[in-house]
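For the record, the sequence lines run as chains C, U and X. Okay, so the first sequence: first residue is 1 according to our numbering, each after it adds one. Okay, so the second sequence: first residue is 1 according to our numbering, each after it adds one. Okay, so the third sequence: first residue is 1 according to our numbering, each after it adds one.
Source of the hints: derived by calculation from the structure; they are not laboratory data. Quantities reported herein were computed from a predicted structural model and do not represent experimental measurements. Some clues are possibly wrong.
One side of the interface only, derived from the structure: several residues of chain X facing chain C at Cβ under 10 Å [as the list claims (entries may be wrong)]:
#1 Asn-114
#2 Leu-118
#3 Phe-125
#4 Ala-141
#5 Ala-145
#6 Gly-166
#7 Arg-167
#8 Val-168
#9 Gly-341
The calculated DSBU-like cross-link candidates involving lysine-lysine, where the alpha carbons are at most 35 Å apart (straight line), are [as the list claims (entries may be wrong)]:
#10 C:Lys-2 / X:Lys-62
#11 U:Lys-345 / C:Lys-290
#12 C:Lys-225 / X:Lys-150
C-beta: ideal position from N, C-alpha, C; glycine also.
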Amino acid sequence: MKVMNMVQSINNALEIKMSEDQDVLTYGEDVGVEGGVFRVTEGLQQKFGARRCFDSPLAESAILGTAIGMCVSGLRPVIEIQFCGFMYPAMNQLISHATRFHNRTRGKYRMPMVIRLPYGGGINALELHSESMEAMYGHIPGLKVVIPSTPYDAKGMLISAIESDDLILFMEPKRIYRAIKQEVPEEKFNIPLGKAKILNEGNDVTVIAFGAMIREAQKAVAMAKQAGISVELIDLRSVYPIDKETIAKSVKKTGRIITVAEGPVSFGIGAEITAIVNEYAFLSLEAPPKRVQGFDVIVPLPKGEHHYMISPEKIFYEIERTVKF
Amino acid sequence: MFNEFDPAKDQILRVIDNSGNVINKKYKPDLSTDEIINAYKHMLFVRTADFMAVSYQRQGRMFTYPPNYGQEAIAEAMSLVWEENDWLVPAFRELGAWLAKGATMKDVFMYFMGHEEGTVFRNAKNLLPISVPIGSQLLHAAGIGYSINYKQTGQVVYAIIGDGGTSTGDFHEALNFAAVWNAPVVFIIQNNQFAISVPLKNQTKSVNLAVKSYAYGIPGVKVDGNDLFAMTKAVKEASAHARSGKGPVLIEALTYRKGAHTTSDDPTKYRTKEEEEEWDQTDPLKRLKLYIENNKIWDTSEEEKLIAEFKKEIDRQFTEAENFPATSLEDVFKYMYVDMPDDLKQQMTEYEKFLSWKEARK
Amino acid sequence: MRYIFKFPDIGEGLDEGTIAEWYVEKGHKIEAGQPLVKMETDKVVTDIPSPKSGTIAAIYGKVGETIHVGNPLVEIEIEGVEGDAAIAEAAKDFTTEPVEEAAGVVGTLEVAGNAAFLPSGTEGFDQPTTQQTAVKSKALATPVARAMAKEMNIDINSVKASGPGGRVTINDVKRAAESFNETLTKKQVAQPMADSVSFEPITQIRKAIIRNMTISKQSIPHMTVHDEVEVSEMVKIRDKYKQKFAEKQIKLSYLPFIIKAVALSLKKYKYLNSQLDLENDRIVVKNYFNIGIAVDAPDGLVVPVITDADKKSITEIAEELNIISVKARDRQLKLDDMKDGTFTISNYGSIGGMHANPVINHPQAAILGIGRLVKKPVIKNNEIVAGVVQPLSLAVDHRIVDGGEVTRFLNQLIDYLADPVALLFD
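The following block holds chain C by itself, in its conformation from the complex (with noise of 0.2 Å):
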């Protein structure tokens, strides 16, 4: 047992699989010998050699492209972009190819890659440091993505998802990235990926939410239980797959759900989340499926960034509405 924040408990995972398993390799701008700009990869080259831990010339379009054929001749890596908003020059080979290599031959080639990206805003960035698009990649067929909230998950479902032979978007949360420390198991273990985790039963209102926003809606669980109000919080942890099962059943026993997501309200997570109940808790809801999420805006620059970036406040004045309701 250690107690490792997330960037170590991530650094773990990758040396546990890149020591077991010679085909794991990982790059990315920085990713090399300086160890990432969040420090994720560090040690890394150093042990394992620049010709599986190093830094590629910069361009994300190429990093998931040559990705791609690594793919189809064996290797299994594992790219980092460097910020969310610099996925976008990648989204045409994203897209166009990886998403589609293993429909398009059948089964012949596989994906076996993961992309990590650092996402969410809180941090006081630049403009496209702060985005936070799951819902969009979500949206794109033959795409799964995951999203941790602790360095345990974070390390488990990394796992994880270097050994699927399908295409993951693994979503490092960086506002958290230091700020929570938690006590990790040294040993390889693996967290399936696809399934949401209950973190706080109750009997009241369901709370859903992932990422950095975990730690936000426990402060308004908290709130919320000195109201007298008995929240169950969910941790989402899968865009897509998303666990449809453990919502609904949460829902068929508390009759009230609130999704809460950084990334921008429209068409987005909570709009997913609220279909599915209705579809399979209808005859459970006692009030409306509420979403606590962001404007339609771009994300403002730190001076501007507290109007939109959610607090413990905003998610528990939305559960005191849904429970009056």
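Once you have looked at the hints, place chains U and X on chain C.
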């Protein structure tokens, strides 16, 4: 070779002239008579199949098809040089190369009829599917090149692109990455003078396309792509360079797209008959045939009989393709993931319920 | 005051650093935020800023020496701060949360301290168990059925379900409402035989009345006090001014006096003008006095409100009353006319009846019932004289209004009504 034919000086490697006479003995590759005859027969097969494909499309039995007419020597040269385990990363206009790698006409027909199965090229080893987004496949080639170095397998990757594709960002990124990585990739530009209707002069200000190799620090050569011997020589030298660990090479193969861009294109709208006739002089089959006849290594009167046999075989494969069963509902879902999410399975079963309901109403 | 600055954990979970360069020495004056020393750690080489302003009294460690996190680095003499203020000053933090620049690039990240960490999870190690507890037996119902149940004040979870999949349907809810009403009225519904019964639909007003009466009687413990007031003075005054008002097209009844008296009395006994807010654990005392008058309108009982009755003159109140009664008669009363009442008067006496136990207009705290004027013999100055007596029946919410309070209010009201001139003084 790279030093003697410097793209910056717009020099071009050519071995035989338009009449099939050897004009550069030094660079004539060492091919046996059998190899030359077989090469001609392959090119003839490809041309025949290509014409028939266009015909099938016009008969309404196949959808849009991109003809290879006039570019046959480039594909053939590759197949004369490459080793069995080498990789081919195609664009969409190198029929001869796909066939040489193990794909069948049936595959090709199936693809252009709309069966996903077509571009799987099931029996071909190390052949990627046809790439629709122009230029994007070169990055895949660079990645495969990296794998080859990583595993030290000694393979080479042949990556094809057209003149239009050299304008894309991916072309530049791929050459750059492959160069930095010393990846064993032979990049071949099929410069057939047109990107649909846009001529080369509107695609680049560079003196030619091979000169772009300078930007990446890799060797480049401009070669007469309709000259089987020159093309073979160029591919041979390039492959040796790559396979020896010296990194990627850029070949610009000059050719002419004698047909339309696809069966939905009308070249009369953007080029003249005079131009077409001028380029006709450089036709690869014509030149090789003249060489064969000049050197009396094969009786070309056998050609007609051969073509008739080809047509029979091609038609047989076309019929097989026509009889290939339509895509099942399951196939639409089955290959999305290695591990299909329950949700997707459910979408399929829900749809099946709808189909039963529909059936019952009849 | 001497402040000892210990080498802080500069946010990467470090335990030590090496001194690369000192920027200060003993005797130097330093401002808060100015760099003290350059420290080298495994990750970064960085300047440590001073948390306080003052004079350097001592520095610990030479260049090249390693210092552990938590050990003294510098002593600063903070000028002019002594005693308790000094202690407070020392306790103040320079930074609130430890933050870290993501190395070389954009953004600042929050860093957890060393002391607080979460316990490990267990997934991936144990047998997967069913995570969720069993679903409580709650009703299945569409939003429409739920809305209906809510409107009818029925707990949907107690309704017998007959719909598909065990669903509570709209008809189920209706049926439950009917049987609920039955238990309330304890009436057996007779088997309808031709001509022995007739059926009338329940109007919206009637529905509202049913709802309000039910809630009121079910949730408020009513306590009624009956009393009488001798109002010959009021009768005299009214008779004197009746004509004058009639000339202005205003009908002057006793009600304006009563309303005014009630308003002024409520000012002194505020709990009768309040509302119990159990949800928030409080009593809402209202500082405005909107007196509702129960009116027998053609469709049923309605309670239009005279707002700010304490501020309005008797004339204004009389005018408003006239308008209200016309509106009520013509079915012109709007919701706005009837909202936010704080106290209600029910003047059944105008029709007949002396004593009653009126039903409080929920969520108010009290209601005053006024019976009919009766000429009666009364004792004045130990002699029997002819008097005019108005019966009063005051019902209150006994949870908020105690016996003492209600009688004191009533006494005040009676004082006003017995001697209306007193209304001028308050």
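Right, here's what the structure says about each hint:
no.	hint	verdict
1	Asn-114	holds (8 Å)
2	Leu-118	holds (4 Å)
3	Phe-125	holds (6 Å)
4	Ala-141	holds (6 Å)
5	Ala-145	holds (9 Å)
6	Gly-166	holds (9 Å)
7	Arg-167	holds (6 Å)
8	Val-168	holds (9 Å)
9	Gly-341	violated (24 Å)
10	C:Lys-2 / X:Lys-62	holds (34 Å)
11	U:Lys-345 / C:Lys-290	holds (28 Å)
12	C:Lys-225 / X:Lys-150	holds (25 Å)
Going down the numbered hints, you'll see the structure goes against just number 9.
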